[in-house]
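J.: Chains A and B, in that order, are what the protein sequence lines are.
Under our numbering, the first residue of the first sequence is numbered 1, with each subsequent residue one higher.
Under our numbering, the first residue of the second sequence is numbered 1, with each subsequent residue one higher.
Just so you know, these hints were derived from the structure itself, not from any lab.
It is possible that part of the hints are untrue.
Said to hold, decoys possible - What follows is a list of derived Cβ distance ranges for each label pair:
{"hint": "1", "chain 1": "B", "residue 1": "E276", "chain 2": "A", "residue 2": "I465", "range": "36 to 44 Å"}
{"hint": "2", "chain 1": "A", "residue 1": "F466", "chain 2": "B", "residue 2": "E205", "range": "54 to 62 Å"}
{"hint": "3", "chain 1": "A", "residue 1": "I387", "chain 2": "B", "residue 2": "K247", "range": "52 to 60 Å"}
{"hint": "4", "chain 1": "A", "residue 1": "A365", "chain 2": "B", "residue 2": "E276", "range": "34 to 42 Å"}
{"hint": "5", "chain 1": "B", "residue 1": "A242", "chain 2": "A", "residue 2": "R222", "range": "47 to 55 Å"}
Please read all numbers here as calculations on a predicted model, not as lab measurements.
Positions of the beta carbon are idealized from the N, C-alpha and C atoms, including for glycine.
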Amino acid sequence: MRADRKTLALAAGMLLLLPPPDGLNAQQREVVAHAVSVSNNGARVTFELEGGREITIALENGSVLVDGSTVARYSPNSEVYTAWHATLEQAGRLSSTELLAAVREWQNLASEQAPEVEAEITRSLDQLAAAEELGAELAVRAEAMQGSLSAALIDQAAEVTERLQLEMDDLVIDLSQINSNSRGLAIQLDELRGQLNQVDKLGIQVDNARIHMGDLTIPRERTIDTDLVVLAGDVSIFGTVNGNVIALDGDVLLHRGGSVQKDIVTVNGRTTRAGGSVGGRVRSSGLELRRSAPPPSQNRRMVSPVSNGTSIASLLGMFIALSCIGFGFTFFAPRQLDIVADTVTDSFGKSFFAGLFATPLLLPAFVILIVGLAISVVGLLLIPFAIVGSILAVIAAGTGGYLAVAKSVGSTYLTRRAAQGHAVTITPYRSLLFGLAGLMAIWIPAAVLGWIPVMGPALALLAAIFTWVMVTAGFGAAILSRAGIRATFVNARQAGALTDEHYWPIDTGSHSIPRETSRRVD
Amino acid sequence: MTIKRALGMAAFASLLGNGAQAQSLETVAASRQERGERSLSVHVTFGMGDFSMTRDQGSALYRANIVYDSERFDPVLEYANGQLQLGVDSDGDRLRNLKAIRGQRVDLSVSPRVPLSLDFEFGAGKADLDLGGLALERVEVRTGASEAAIQFSRPTTRPCERFEVEMGAAQLQVEGLGNSNCSQIDVRGAAGSLVLDFTGEWQHEGVTEANVELGLGDLMLRFPSNLGVSIEIERFLASFDADGFTKQGDRYISANYEQSASKLHIDLKAIVGDVEVEWIPGR
């Protein structure tokens, strides 16, 4: 508990640096934003003050961290930690000022829990105030050194220019950014040297570029015809960049309508695509301290539902086309279609494996046929017909086999419905339509949900595998039955006896089970 | 260290600490005070969970709260230069186990005073948006297999250039489009149930153009009785309830079309399903 008290005193002291919520102390800076993260391991808050300064206080994994440095330990079971957790959990509903007030209430609780807290706070404040004074002094020195630092920056930029083969005429450096960044400028320049080395390693060829330091926005109507290098800042692109975009220690945000004709490269940053187009590749390098989200347009971009509608329309069109072909088979070759369908029904495994093993033999058989025809003069003349005929035969076997499977499925379904007492009209055409609808229904989830990452392709793959199995079985059945001529693989018990087509001869039109016998009994 | 980096580090640390848990819900939240921003562009990408949005009652530019499954998702909550991005994100590897995700949600409120551009992508889940009273300039919503309700509970405060919705297999209800003040309304859906309610205070005088496309499903159109409506429809296997309309050439025109100060022209395409019309008196 003693450790907790010291810890909380430090944290509370840190909080006292923040302005009061009601603006009582006008000379102190205002809190403009906050960010909170609450997990099972702890909770942290970052307050952003006017002018950009941030203070982060975290109680995580038993440690109290102030601006990333561990200052003490706490017990996860303590009341003060529980209160801290609860305070930050409600942050989503609060404005920054309200959250600050809530945190101050927590601070009061922390003070009550620890008698010596006041002294600790005072001590912490003294230390922090000293640190602030030191920071202010450094800032003043940095201001004084601005001239020399500017010169240093230009020297470094010249080095960058030489290294990247830039043309000096196109060098644009926003020196106005130096004032705000002067304290860390020297460090940044060192970092930039290292980062530029990484760009070299990436093999980027920069022939002609504009360089900008700090945040940059390319408006919608603007076009940059050269490469663009942005140092220590984020670049938002609404317009067009006809070259590469290279961001060093910053992010690239490509908006809808924005365009980059070549590559986007980030070093210690990332690229986010909220629309827009990239002509080349999107690459990144450097140490990423944060977990970067993949660009939404690259990995998570949803396909327009209109394309889903197109898929459904395509599916509908395919269904109609296959139905028409199926009607043709049913009308012109009903007996053959029945035998193939019965072969599939009674010998599905054999049919599938026959189709599976026959498929790779198609090409050799085709070659043998052509060679056989080529050795005779008459045969030579038949080669064009053989080529066309062979292709048509394979297509007919595959399509007819698939339709036979569909008919088998439909017939089975309708027969079972009839057996359950429903008033069902069973005709070969109806069986074919029902079966075809059943077989093709597996494509509907893939067509409708195809935009969902992972699941969409998985559904399409599942449907493709299922369809391939059905086509292969149908193709095999067509082979086993010699295109519906031989009923060798049809169960003798059923052949000519039990299928719906044989039960109701097809040349007599449609039939239905009498209502008296087909009424459902509930 | 910026706030977004702090958040990212926190999320990374929390992920390291909780990777072994089945479903570990964690929270990130952020708020920013309004400080004379000229515009706010909000981009939301939210694959699974519930989303809600409304106007902020206080002085915040935005307030956002994300409850996410840290085992499979990372929070995205970043603001820079008037651009706010939020939602959850995950790589494919962590989504292999597609078991139910419960409790994941995003709540957002934004300032009604700052000109606003919205770009939403929703996957599976529920979305409940009340855009009434906001300074909307542009809205784009892409929603997948979700249940979405978009409401304009009160008139918006700026002319809106475009309201665009694309939906996959979803149930979508848009209420009070008359309050949206948008001059162009586009709604496209692949399959599902779609309700478009055009009631509200029509501020946009002249003809508001709307394109509505629905592949498979039912469409309900609700119009206020004082709005002049013309519909040009292309349909394949879809029925159309032409109650309150007279057909003139290719168009269905409401009786009050010429007299109405505010007019709506709908270019409607429907493939399979029912298109029904309901007239709401006095609105």
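J.: Does each hint hold? Answer for all of them.
T.: Hints, one by one, checked against the model:
1. About 40 Å separates the C-beta atoms of E276/B and I465/A, a value consistent with the hinted range of 36 to 44 Å.
2. Restraint check, F466/A to E205/B: a C-beta distance of roughly 56 Å satisfies the suggested window 54 to 62 Å.
3. A hinted range of 52 to 60 Å holds for the C-beta pair I387/A and K247/B, which are about 55 Å apart.
4. Range check, A365/A to E276/B: Cβ separation about 58 Å, and the 34 to 42 Å hint is violated.
5. One distance hint, 47 to 55 Å for the beta-carbon pair A242/B and R222/A, holds here, with the actual separation near 49 Å.
In this structure, the one hint that does not hold is number 4.
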